[in-house]
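Chemist: This is what each chain is made of:
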Amino acid sequence: MILQHFENQESGIMNAIRENPESASPRKKLALETARLGKRLYSNTDDLVWAGPLIPFDLLNAMDVTPAFAEFIASILVSTDAGPLFFENAEQAGYASDTCGYHRMLMGSALKGMIPTPKLLISAMSPCTGGLAAMENLARVFKKDLFILHIPQKESDHGVRILADHIRDMAESVSSHTGKVLDNDRLRKAMENTNKTREILSDIYTLAQQVPSPVNGRDLSNFGIVLPLFFGTEVGIEIAQAFYDELKSRIKANRSGVPGERIRLMWLQNRIQFKNNLVKMLEKEFNASIVVDELNVITWDPIDPEDPYIGLARRSISSPLNGTVERRVKQIVKLAEAYKIDGAINPCHWGCRQGTGARGLIDSRMKEIGVPVLNLEVDCVDPRNFAEGQLITRIEAFMEMIESRPSPW
Amino acid sequence: MYYLGIDIGSLTCDAVLIDDSEKILASSVVPTGARNREAIMRAADEVLRSACISEKEVTATVSTGYGRKRVEGRLTAVTEITCHARGIKALLPGTRLLIDIGGQDSKAIELDENGQVVDFAMNDKCAAGTGRFLDAMARALQVDIEKMSELDNGARGNLTISSMCTVFAESEVVSLIAEGVKVNEIVYGLNRSIASRTLSLIKRIMPNTNGLPIAMSGGVARNSGVVRAISNAMESKVVIPPMPDTIGALGAALIARERYSHN
Ligand code: SF4
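Chains A and B supply the protein sequences, listed in that same order. With the numbering used here, the residue at position 146 of the first sequence is 300, and numbering never jumps. With the numbering used here, the residue at position 171 of the second sequence is 1070, and numbering never jumps.
Calculated directly from the structure, the hints in this document are not laboratory data. Ideal Cβ positions, reconstructed from N, Cα and C, are used throughout, including at glycine. Be aware that one or more of the hints could be misleading.
[Unchecked claim] Here are the simulated distance ranges between beta carbons:
id	chain 1	residue 1	chain 2	residue 2	range
1	B	Asp919	A	Lys488	22 to 28 Å
2	A	Lys266	B	Arg936	43 to 49 Å
3	A	Val487	B	Lys1102	43 to 49 Å
4	A	Arg507	B	Arg934	53 to 59 Å
[Claimed, not checked] Using 30 Å as the maximum straight-line C-alpha spacing, the simulated DSSO-like pairs for lysine-lysine come out as follows:
id	chain 1	residue 1	chain 2	residue 2
5	B	Lys1102	A	Lys488
6	A	Lys334	A	Lys350
7	B	Lys988	A	Lys521
8	B	Lys1136	A	Lys484
9	B	Lys1081	B	Lys1136
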């Protein structure tokens, strides 16, 4: 059933582009490649490894092992017809309904046999131990091994070296579980690809900072979370390039992402994963654009292809999903300034301690620089709890408030 | 020229009519019921009739409340938060914190010295501590909701209602009655539980409200027991404007006037 979903998605996008080549867009390209990846995950052809965020997917790609990114698959399953059923399943099996929806979705679908069996599972303690617990549960369902990657919370040379060694262990473990060896030339090539993608990404984010911004509230949603799946591959470069070209051409044509952009917003943590009208409403009624997502950021230097483990380790440690709240808040403030935002929206995803625990600290630091924050309290994954009317009132009131005050910049 | 503000809440639909000098000519409060449109028409009809003005003479209408987008012929729709802030600025200028508790929402709104909204917090999805919560409790106590205000008289006040959830609180109340606890003590306990919920909403946006002028609007502001409990919890005076349930509609009417002249 899920394989069918991906096949339909792939052929649907291809047909649409064939019939109307004008309709091709970077967003479609990204959707097409994720559908293809989804197809591979469900076709029983590839060696799969389940992995959480912060795991170096490019290393897996270099080994010809397909990364099954847990939260990413969960968000895809949400949009299938069986989504609500999977949540019910998890709850019936005793998974508390106030835990993170990503994990509930994974458990519910695993119990129904709806997610593909990997050769190995890899999880880190970051961003949340809930993710680790979910992976432990999955490992039990699949009867497979779980490799735990210990990512230090603090950025220090010592910590980087330890993690670099640990990533090497991880690669060995993947090798012994899949029979795939890590070829040095392929690893080098993968790192070069990663660096190239990184460079284009950095250019994309620089373009997005322009006032008015060439991006609308939808262009780059989930971008910083999904693109790493393609790190190390040619496809990753192609996707990034498509976005860059599109933004460049908009700028050339003097076209902003949201026509007549009046309000610039930042979205904190993750987006709402199921269909909803909030972003469109922001654009249509307030000419407001989400110009930046907290996770659309590059916090790492290019990786040395001759000595990749150190660079990979630095990248994982520096992620906004890892480390202290203080570091996270600093990063958010930096983005707020770079993108000149008028306000930030924090979904405070239901069940997420990592995301919501920092809320007070984020609010007060942003207040200091004159940027208001709206806390929504929404389940970003489980649509059964979605009270759209309530959320719209909050967002509209927030927009009215921003409109009535001078810009912080 | 006349301006109409309509506030379509979950329990009541309110209308206020003002003239060019911002004078309130008439106001009305009708139950929303199941049919929004009828309630809107009735509320509007009532104010027009009592001010002896025909519909055609209304220059602009602004709607607010959860049903704000259902009002036909409106100039625009504005959220309750902005409207309540605008309404209170007219009646109690200088207010820096506005507490608004309506049928199913409670809000804390921080205002600057010019009466502009600086920050706000709204209750979560749950209706605990709102008008509907009080309705359910009045039912459990078998008392008239209008009389709830004075029912805490003489309470010694050592009872706490621990359940936040409306359904659980209702059964807690029922068992307290069965245990023979006096009604005034129960009502006092309920008021305090609403006050503590409201306080946590306020603290989220304004950790310190010392010495700042505080006002309260919305239907629940008519319940003096709740107001007393909130001002005790805050250790501050809470001022209630006349007709607190029509502040949102008044704000909408004032915004109608401003936007119309602006356009
Ligand atoms: S949303 Fe929060 S709880 Fe859920 S996976 Fe992400 S960090 Fe963990």
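Chemist: The structure should be examined with respect to each hint, and the outcome stated for every one.
Modeler: Hints, one by one, checked against the model:
no. : hint                             : result
1   : B:Asp919 / A:Lys488: 22 to 28 Å  : violated (49 Å)
2   : A:Lys266 / B:Arg936: 43 to 49 Å  : holds (44 Å)
3   : A:Val487 / B:Lys1102: 43 to 49 Å : violated (23 Å)
4   : A:Arg507 / B:Arg934: 53 to 59 Å  : violated (43 Å)
5   : B:Lys1102 / A:Lys488             : holds (27 Å)
6   : A:Lys334 / A:Lys350              : holds (25 Å)
7   : B:Lys988 / A:Lys521              : holds (23 Å)
8   : B:Lys1136 / A:Lys484             : violated (39 Å)
9   : B:Lys1081 / B:Lys1136            : holds (28 Å)
The structure fails hints 1, 3, 4 and 8 (numbered hints given earlier, in ascending order).
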